[in-house]
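Enquirer: Residues per chain, in single letters:
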Amino acid sequence: MALETNEIQEKLVATFGSDVFQFNQEKDIFSFEVAADKITAVILFLKNDPVLRFHFLTDLCGVHYPDNEETRQFAVVYHLHNWYENKRIKIKAFISGNNPEIKTVSNIFLSSNWMERETYDFYGINFIGHPQLKRILNMDEMVSFPMRKEFPMEDSGRTDKDDRFFGRTTANC
Amino acid sequence: MSDSKTKMVAPPEGVVGEGFFATTLNDVVGLARANSLWPLPFATSCCGIEFMATMASHYDLARFGSERVSFSPRQADMLMVMGTISKKMAPILRQVYEQMSEPRWVIAVGACASSGGVFDTYSVLQGIDKVIPVDVYVPGCPPRPEQIVDGVMKLQEIVKNESVRRRSSPEYQELLASYNIK
Chain D
351 MALETNEIQE KLVATFGSDV FQFNQEKDIF SFEVAADKIT AVILFLKNDP VLRFHFLTDL
411 CGVHYPDNEE TRQFAVVYHL HNWYENKRIK IKAFISGNNP EIKTVSNIFL SSNWMERETY
471 DFYGINFIGH PQLKRILNMD EMVSFPMRKE FPMEDSGRTD KDDRFFGRTT ANC
Chain P
2 MSDSKTKMVA PPEGVVGEGF FATTLNDVVG LARANSLWPL PFATSCCGIE FMATMASHYD
62 LARFGSERVS FSPRQADMLM VMGTISKKMA PILRQVYEQM SEPRWVIAVG ACASSGGVFD
122 TYSVLQGIDK VIPVDVYVPG CPPRPEQIVD GVMKLQEIVK NESVRRRSSP EYQELLASYN
182 IK
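Protein sequences, first through last, are from chains D and P.
Per the numbering used here, the first sequence starts with residue 351, numbered consecutively.
Per the numbering used here, the second sequence starts with residue 2, numbered consecutively.
Don't read these hints as lab results, they were simulated from the structure.
Incorrect hints may appear among the rest.
Stated by the list, open to error - Between beta-carbon pairs, the in silico distance windows are:
| id | chain 1 | residue 1 | chain 2 | residue 2 | range |
| --- | --- | --- | --- | --- | --- |
| 1 | P | C142 | D | I486 | 22 to 30 Å |
| 2 | D | G507 | P | W39 | 30 to 38 Å |
| 3 | P | V119 | D | E360 | 31 to 39 Å |
Just so it is clear, the structure is predicted and the values come from calculations on it, not from any experiment.
Ideal placement from N, C-alpha and C gives every residue a C-beta, glycine not left out.
So that you can see chain D by itself, here it is in the shape it has in the complex (with noise of 0.2 Å):
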């Protein structure tokens, strides 16, 4: 008697509605959307909910879109694993590009602390909430958030690598 994917749908559209939708089989994953303000809701929900279960954050991170429209531009991706049933889920929830903010899950799952200070470190995606939401990995005086595709992957310090040979455009470097 597994957790079978359409229950867990009927769950969620049952008690949020229309602010979970996009649900679809992705690879061996089942993934869905939910309103970026509703985040915490439904993390809450599908953790205490006596069928779901979902207690274990596996993982968060952040993604970015600069094609997408201006409200769509970030997201912030959680893998979500039930123990018992040996069932992981897939949530995305999309954020604004000039704006990037949702609300902090690290009150529910302690172990998004980190996680959400990577996310910061990397996209700048700020996390309402978060009890110490500053640079993780990187070091602090660092400017940028340099997994937003608007800043180089390259040094602009190295000086011993001839542009013609190795790919460089002057725009990166």
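With the hints as your guide, set chain P onto chain D.
Expert: Only chain P this time, still in chain D's reference frame:
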């Protein structure tokens, strides 16, 4: 054993007589320093593994007077930086260098420490010579233990020929000032 071939360090140029040997202070000090370099390994990745092989019995860096690996910068002469140095690590490396007492030398082992290597990216320091002065660069990714030993021997040549006054010379002060090290 009497028939074993022990290779000794050759004496410097000088005047030999019965019961005495006269040479310059520079040569004597250089000889002593070059053959008792205490390494401080600053190993962050795979070059560090090669260094472990270099220190172990097969390659045995101890043959060149570097028997005593110092894990305190205050007692070390030769800082060996082995591996990728991220920008977040740079101030720590610099602090370690500042804690070493004069005279001090630095070897950048491997492509990453020398130039950032393949990590031409926002988080990696593009060569440790951006933050501290370097005496010898060892190429390789990672270099073989022979190459590291060769680097140490190259440094020994530098140490042997260094003037005892170099560390108080204006050129040296200028070099440190260019790195903003007081």
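Enquirer: Does each hint fit the structure? Answer for all of them.
Expert: Comparing the hints with the structure gives:
Under the hint 22 to 30 Å, the C-beta atoms of C142/P and I486/D, about 29 Å apart, fit the expected range. Between G507/D and W39/P the Cβ separation comes to about 32 Å, which falls inside the hinted range of 30 to 38 Å. Between V119/P and E360/D, the C-beta spacing of about 50 Å breaks the proposed range 31 to 39 Å.
The structure does not agree with numbered hint 3 stated previously, though it agrees with all others.
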